[in-house]
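Protein chains in written order, with my numbering: chain A, 1 to 349; chain E, 1 to 349; chain P, 1 to 349; chain G, 1 to 349; chain R, 1 to 349.
Keep in mind the hints are simulated off the structure, nothing from the lab. Mixed in with the good hints there might be a few duds.
Any copy, or any two copies together, can satisfy a pair, since identical chains are not distinguished.
What the hints assert, rightly or not - Keeping only pairs whose Cα atoms sit at most 16 angstroms apart, straight-line, the calculated EDC-like set for lysine to aspartate or glutamate is:
#1 232 x 254
#2 98 x 251
#3 189 x 215
#4 6 x 184
#5 49 x 275
#6 98 x 318
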Amino acid sequence: MKLFPKRYHPPGTPPGTLVSVPFERPITCQWIECEQGELNLHDGLEVDKIYARIEAGAITWVRVQGRPSAEWMRRYGPCLKLHQLAQEDILNGGQRPKLEPYDGQLFLVLNVPREEDGWIRHQQLYLFRHQSLLVSFFEGDADPFASLIERLKESRARLKRLGLDYLLYALVDTAIDHSFPVLESLGEKIERLEEFLVEHPERQVLEQIYALKRELILLHRALWSHREVLGKLLRNEGDWFDEGILVYLRDCYDHAFQILGLLRSYREMTAGLLEIYLSGAQVRLNEAMRVLTVIATIFMPITFVVGVYGMNFRYMPELEWRYGYPAALVLCALIVLVMMAWFRRRGWF
Amino acid sequence: MKLFPKRYHPPGTPPGTLVSVPFERPITCQWIECEQGELNLHDGLEVDKIYARIEAGAITWVRVQGRPSAEWMRRYGPCLKLHQLAQEDILNGGQRPKLEPYDGQLFLVLNVPREEDGWIRHQQLYLFRHQSLLVSFFEGDADPFASLIERLKESRARLKRLGLDYLLYALVDTAIDHSFPVLESLGEKIERLEEFLVEHPERQVLEQIYALKRELILLHRALWSHREVLGKLLRNEGDWFDEGILVYLRDCYDHAFQILGLLRSYREMTAGLLEIYLSGAQVRLNEAMRVLTVIATIFMPITFVVGVYGMNFRYMPELEWRYGYPAALVLCALIVLVMMAWFRRRGWF
Amino acid sequence: MKLFPKRYHPPGTPPGTLVSVPFERPITCQWIECEQGELNLHDGLEVDKIYARIEAGAITWVRVQGRPSAEWMRRYGPCLKLHQLAQEDILNGGQRPKLEPYDGQLFLVLNVPREEDGWIRHQQLYLFRHQSLLVSFFEGDADPFASLIERLKESRARLKRLGLDYLLYALVDTAIDHSFPVLESLGEKIERLEEFLVEHPERQVLEQIYALKRELILLHRALWSHREVLGKLLRNEGDWFDEGILVYLRDCYDHAFQILGLLRSYREMTAGLLEIYLSGAQVRLNEAMRVLTVIATIFMPITFVVGVYGMNFRYMPELEWRYGYPAALVLCALIVLVMMAWFRRRGWF
Amino acid sequence: MKLFPKRYHPPGTPPGTLVSVPFERPITCQWIECEQGELNLHDGLEVDKIYARIEAGAITWVRVQGRPSAEWMRRYGPCLKLHQLAQEDILNGGQRPKLEPYDGQLFLVLNVPREEDGWIRHQQLYLFRHQSLLVSFFEGDADPFASLIERLKESRARLKRLGLDYLLYALVDTAIDHSFPVLESLGEKIERLEEFLVEHPERQVLEQIYALKRELILLHRALWSHREVLGKLLRNEGDWFDEGILVYLRDCYDHAFQILGLLRSYREMTAGLLEIYLSGAQVRLNEAMRVLTVIATIFMPITFVVGVYGMNFRYMPELEWRYGYPAALVLCALIVLVMMAWFRRRGWF
Amino acid sequence: MKLFPKRYHPPGTPPGTLVSVPFERPITCQWIECEQGELNLHDGLEVDKIYARIEAGAITWVRVQGRPSAEWMRRYGPCLKLHQLAQEDILNGGQRPKLEPYDGQLFLVLNVPREEDGWIRHQQLYLFRHQSLLVSFFEGDADPFASLIERLKESRARLKRLGLDYLLYALVDTAIDHSFPVLESLGEKIERLEEFLVEHPERQVLEQIYALKRELILLHRALWSHREVLGKLLRNEGDWFDEGILVYLRDCYDHAFQILGLLRSYREMTAGLLEIYLSGAQVRLNEAMRVLTVIATIFMPITFVVGVYGMNFRYMPELEWRYGYPAALVLCALIVLVMMAWFRRRGWF
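All chains should be modelled from the sequences, with the hints used to inform the complete structure.
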């Protein structure tokens, strides 16, 4: 994941300018109409039919999967009554999660982290709500709402009672809850590193800890605005929702809060991992140093002694002694014993 | 204790879906009716009788020990008028402490840390209050309220006067106060480590410090929401309580606050322990280094000197001198003295 | 001072349960009546007389020195109209500084740090105010208010004008100001360590820094709630005081604030001391390492050279040369010069 | 960029004193009139004409590029109705971003970071708005609004509808968005350092990390007040704007927020880089130490052994043995094997 | 500068007790009357004349330079209507900057940092305002307001219009702005250290960094309350000022804010300096270690080889070989080459 996620126009570009992304991908559209709690799916995007159904009292959810091109946006954006600034945000991506009320409309940006091949990817969900119409854009390939529609059918009663509010809540809840599997797998990663650290304090661990830290920083940046967004939703300042949905949204807010609490303890834990790693390295350095010092301190003096008796002076009386050689060896042994006693007294081994 | 404590449904599951925990355990139920301050215990869970007694003006406390299965919940949850979301939270466990008012009802989640075999386990207490009915779920095996009932009998007067409010307070107070023994034993652990550190700065200490740190992080995560929950209770926004109970709840809030203050100083102390440990390691490294340097600096030059006179050149006048050998030894002694003077002047020993 | 200061009952004990402290000490009581600014001291605790004087319009201060037993409390507590929870707090000790208004009454807990034999002891002052009666409990042996009574006599005019409010203020002020001598002596300790560190960077310093840090953490924990308590007093929500006393209480609040500011800069300074100590150790390590490296790098090559000419091969032409020996010495000298030039160029000495 | 950016008068100088900057540069002026969404550019600064056009209902933007002299300010400042304190701020430079409402007028200071030759320069934009007149001062050489005028022409409709408000917004938006290219390039720098660190952990990296850190500290100082300024604008306390512009300003506020979020994660990342660098250094130190210890521990004993048999004692029976020489070599080999086995068991290689 | 700046009375002293400072210095008094914007200076302190002029409608500023004695204060304090607590604060010194409204009066304490001989001294300014009388006490020797009076004459118009408010503002502004030269010189010190660090990473630098850090901690403690004090002034809760002065006070507030922002970035920078210093030390340690390891690893094996052929065994066939000697040298050279290749492959040089 890139450190700088945003695509931006050159400063000075008028707001709401629409420019296509270079790496465009084909998008898929779907629209789901929902009347009296019954759901009907339609592929494609037939604006006329949608409005006809809305006229007839149905609520409608338009789903766009993939990031649309500027042309697409220019064509369909106004039909779907998307605000110009919202259109620009959707095309550019890399937004901060936010809640933007444009007169009578509600524009919501959420981050949906997903783990793919061991990497965490951050994809964005854009929700746009206008009277009886809900539009969602999700920029990733995988469909985070695949199982949602099936499940919505099961909670038909609530959907009937709470209408579009429940639909919106269901989408927000699904988006927020996508952080749980990611956090669970990060938690396992931390625990694995913890065990590994004690047994194999090798160098690669350092890079893994750093990679983990980086992921946590980016995840924190991506998610910490969720609490603010949900808090705003809960305050319901523009009377956007029926009171009945607030108990569900509070549950959702609670999840966002819990996710941030988990993230915080993960970050503290990771900082602790680095500390433990470095402390361990320091301890091993001390050990090596101690071994070296003991060896050098013992062998240097006795090597000096044997060096002395290797000198070639003509007049060295000891050399002629009968027991000179064993005496020199005994001298060496004495030096070794004295040194070892000294180290033992200092508690070095 | 796991880093990631929550059990969650796949994102997109409708709210309030009830799924059994894989590691179900048999639960035990009890109901205590209380009329005019007198307590009567009944085993089992006879819903009809309970409501009959409530009709008759008694207040009732239903205790469930252990984590119930989804079937149990589906059967008894609606009878006890538990909100769907509350039922889901109880089944899933690992919640953040919170206070949730569902219309006219009060749902409370608290963490109860307990020390078992030197490990801190976090178990959750769920309190649900609805008119004259109090329902408590405690997921652990041990019964934190074992002695409570005996004690409630002693404070009959207050129980009579304050009714269900007092009962709820007594449960909250007991749950909060369970942190004190845990904190006391952690405090002793820190003090033991402190002393140990000064005397035996060994390597295992590092792992103990880290384990302590981990426990403190998790304990902080589990407990820091208590203050918020109790603050909400005290504000009494929904007129949940009689004013008379607030003075007791304030005492309880004060305990929660004090617990967090203790936790904070423990965390600072633990960070200090790590610092002191590493500083000590650094100091010992310096010592070893100094010994090594002194030894090497003294013996290398004199070993060189004796090496010189061990050379086999034919024309080495010194070798023939009468006092060449003692002269060489004197030269070595001089070198040693000069070196030691130099080290002494630099304050190395 | 213990990390965990609080004595607590087993969780589940009803609030207000009174249990004696194991290490009871004899307590001394005094009561001071004050009418029209005149002070009269009486030893002992004659409840009837006290209330008679209060009836007569006098204001009364009951002083209890030492921690009372549960029996004492059970006997006198109700006479002095102490709230049950306040009685429990006084017996248990180790409270967080707090202000608790029980209907019409005011209960105040303050920490009074005192230095004894170089250690900081934290003792608590409990103030209880009820109409014209002020009760103070101070758990320590030494009397922090010894000089206060003499001084109160001097400010008779204010005492007459402001009555019990002034008395309460005088006690709070004295308690708060007891932190100043403690902070002054800590400040001197830090400055002494600072100087010491530069001159004698020895190992014991580390333990002293850590002990200082520990004391600051505990002092911070003991004092940081004072600001909150005094802030509450100043807001005077229950109309506890005459407006005239608030200007004095504001002065007191200011002192509490200043004390916390001092504590904060002490903690930063102590963290700085540790940093400087470790940095100094690192620097000395580098020096030792450099000496060792220079010595080893110079002597190892020349020791090798003399080793070569100490070999006993039959055919070694150099050995037969006339000037072989001086040539070998010159070679050694050259090596030394080259090495030293290389080290100089790298700026090693 | 200087740490201390502000030019200040000697303390005690009356407010609003105008003193020229020593390093004056020629300034260029332009004025743009705008009527019914049509833009006309004029070079120079003809005050009479400007006011004539304003009278006639046009809105006017006076652009000053470069830092004016005190004389210029004394001459034109009053004509343009700049507040005395605003004039002083413009001459002195190095202000904190701020929003200052002088009665009926609005004075805005923003920081515009720009990257030049790999260095980030902070230049200030001063915006002054008074009825139908907008005055902008930009102290740098390069023109950050070069492309703006062209683009304003394209959004004629909005300009016509929202008038001076839109013009002011466009300038603020352009100024804020100038941080994006700077942040993008810093993000790339961090990512490059990250990769570099793993492959070539050389010493220069340290200086680069520090330089990066310094830039981030200064950038943070320069930009963190933007959020406050934009928040104030949005609150629109003095009814400075038409409601219609607030949706655009909110977009702008969002960008300022996002910029600070990016900065924060950059700073955390940079701290992480330093940690990883130092950890790497520690790890390499350990490796070197280990190699040294292994080598020394193996060769010191065997060098001692061969030293023993190099002694010149007359009576050394081993020297006469037939297989003394191979036996000595075998002894050395044995020592080496034992040592290596010992190291292997300790997991040293 | 002392860590503990405050002089305090023994706890229990009644508030407002006046005690002389031991190190009294002669004080100088002046009074400036100001009528219709005209300023007249008088030396000394003629209380009667002052009040006569005030009666006549003039505004008056009494300046006291130096710290007065208790006698002085007892004599003049009441004449000048100073509150008892204010008198005590002035005598004791070392106050936290604060704003204290005593009924109808305003008491202001500000810190004025000044650089003297490379040290930062913190001196306090006490401002007391009562109707048409302004009293200032400045405890230092140097006169920070020397140039102020001259400059006040120049802004006669404003002085006439805004009266005492403007005078008070001018004093506050001068006091606040005295931090700018101090901060500028600290900024230069940091930049000098930065450059020095890269070129001469010597040991004294460490002490300089620590001294800088200490100064910044104390400066922060001295100045951070200014923001609060000026914020209170701006809120103008007691209608102390005419609205017209607030625009100037806001400028002043802005300076106080900017000063704290600078201080914060200085502290971060200083922390960065320490980091860079230690990192550099670590890097140099690694270098030394590497040199040592390379040297030892190369010379130990070959010294062993020549040691082998220096043994005196009778039966050593190699010694008799014609080319034994060159062969041994070649063996040494081979060892050196192998070792160097190994180091090169590991990237050690």
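Hint check results:
1. 232 x 254: both (13 angstroms within a copy, 15 angstroms between copies)
2. 98 x 251: between (19 angstroms within a copy, 10 angstroms between copies)
3. 189 x 215: Within one copy, since 12 angstroms is at most 16 angstroms while 18 angstroms is not.
4. 6 x 184: Between copies only: 9 angstroms across, 27 angstroms inside.
5. 49 x 275: neither (62 angstroms within a copy, 59 angstroms between copies)
6. 98 x 318: neither (92 angstroms within a copy, 85 angstroms between copies)
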